Amino acid sequence: MYSQKIIEHFTKPKYVGEMDNADGVGQVGNPRCGDVMKIFIKVNNGVIKDIRFQTYGCIAAIAASDMVCELVKGKKLDDALKVTPQDVASQLGDMPPIKFHCSILGMSALKEAVDDYRKKSEK
Amino acid sequence: MPKVAYLDNAASTKTDPKVVEAMLPYFNEKYGNASSLHSKGLEAKEALDRARKTIAKSINAKSEEIIFTSGGTESDNFAIKGIAFANKQMGNHIITTSIEHKAILNTCKWLETQGFETTMLPVDNEGFVSPEELEKAITDKTILLSVIHGNSEIGTIQDLQALGEVCKKHKVYFHTDACQSYTKAGIDVKKQNLDLVTINSHKIHGPKGVGALYVKQGVKITPLFHGGDHEFKLRAGTENIPGIVGFAEAVKLASKKDIERITKLRDKLIEGVLKIPGTRLNGPRGEKRLCNNTNFSFMGVEGESIGGYLNLKSICSSTGSACSEALLEPSKVLMAIGLTHEEANGSLRLTISKFTTEEEIEAVLKELPPIIKKLRRMSPIDKVVKHVLPKNN
Ligand SMILES: Cc1ncc(COP(=O)(O)O)c(C=O)c1O
Ligand code: FES
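Quick mapping for you: the protein sequence lines, in order, are chains C and Y.
First residue of the first sequence: 0, per numbering that gives the first Met the number 0; consecutive thereafter.
First residue of the second sequence: 0, per numbering that gives the first Met the number 0; consecutive thereafter.
All the pointers check out, no bait thrown in.
Here are a few chain Y residues that face chain C, going by a calculated C-beta distance under 8 Å:
no., residue
1, G299
2, V300
3, E301
4, G307
5, S320
6, L327
7, M377
8, S378
In silico lysine to any residue, SDA-like type, Cα no more than 25 Å apart, as pairs:
no., chain 1, residue 1, chain 2, residue 2
9, Y, K331, C, C32
10, C, K110, C, Q26
11, Y, K373, C, Y1
12, C, K13, Y, P369
13, C, K11, Y, K312
14, C, K81, C, G92
Since the hints were derived computationally from the structure, they do not count as laboratory data.
Remember, it's a predicted structure, so these values are computed and weren't measured experimentally.
Even for Gly, the Cβ is constructed at its ideal location relative to N, Cα and C.
Between the sequences and the hints, there should be enough to build the whole structure, so can you do that?
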């Protein structure tokens, strides 16, 4: 059911973990539905310098979280937010249609993290 | 890589090589149509009769009461729709439970679009239906009770005799779906007052696509399939002789000794898995649980991803998590026994068979704990991580 690429990111996620002193943290989802994603970012000069995720969810959710991190790391915040769930899904190869929402969730978590960073830095 | 540890025997089982051997002649030697009046037809007819006898005997029924079908789904449809349409004059109310297989659940749902009414009985936290609740639900319109015997997800074995007595008292037809329990837990149609019993072959090391419905003599039922006069005019279509022969062979091969061995493996598995912190067993323990069923919930991890990592270790399992379902709803059975969404989403079912080895069980007990630990480390759910994982773990 899953592409080789999804299985790779599921089994060996590069960006999994917590981050101390993150500049922005975003969390979306609900354990009731079976998925919660949390993304931590470190920002320097408007660029995502480092990124980590924690995910409670299915194989696709874990792979999508890792792919979101891979795609946006090193990008300017505005460019990072231009990445679409479709980009995440197509980078992962064949995403089963019912799992597409897992990519959406990944990008929503990132957006929350960026919002959180911006709110904090306004102060 | 070790060979595959197959722990999804509730989904389907390996066809016993002895079953395959028994079937083979019926493909290219004894290939006649059991309705034909020549020697080849007779060969097939004899095999059909022998198989029917074997299966009838196994549930204390008469040969004429066994109707061969294409499997559990057809038998369930035949039982429910067949009773509903044949007994409309008696009433339009069907009682079932909240822990049925989809073959029952969706058949009842469809019947609701045809003017029938259904009541789904609740179950307790181990999955048992209470005879008192049943009695309360019966109205003068009730024609049928359908209850799954051994539950496919959590292994609960219902007390058919107690439920059967209530049905007898109120003159309600009694059907049980015994696909999971057949040859594993006792079925005696007389003692348990059963009118209809669904069984199938691929859960008991027989081939797929074969099953039967026991229909007690005198029960008013309408066939699903109309056509020739096969199966006492209750199920038209040339009989699947190789499949039926294989089904009966599988029944003959089932033994008490295997059940004892499987039960020991089950209990070893349960004991071992429960050593993982933050784990619960879903369903009852002991004799009221199917000998081959285990079902666990792990706090803070999602079942599909557990199955994904197990699969990479060549271990086949199953889950009731929302993510694994097309509708993204967790298992109705797990919700019916009172689990929270989180608990149901963290479920893992491991089911054993006579071909399961000690090594396969040991493989699970070795591979599962690090997988749960790894997934919990990935999990953002604080309360889980804090409560369940010891510090610095
Ligand atoms: C309890 C129960 N009923 C019905 C079925 C359906 O049987 P089949 O796959 O033979 O159609 C199954 C197996 O999937 C089952 O476990
Ligand atoms: S996390 Fe539930 S479907 Fe992906």
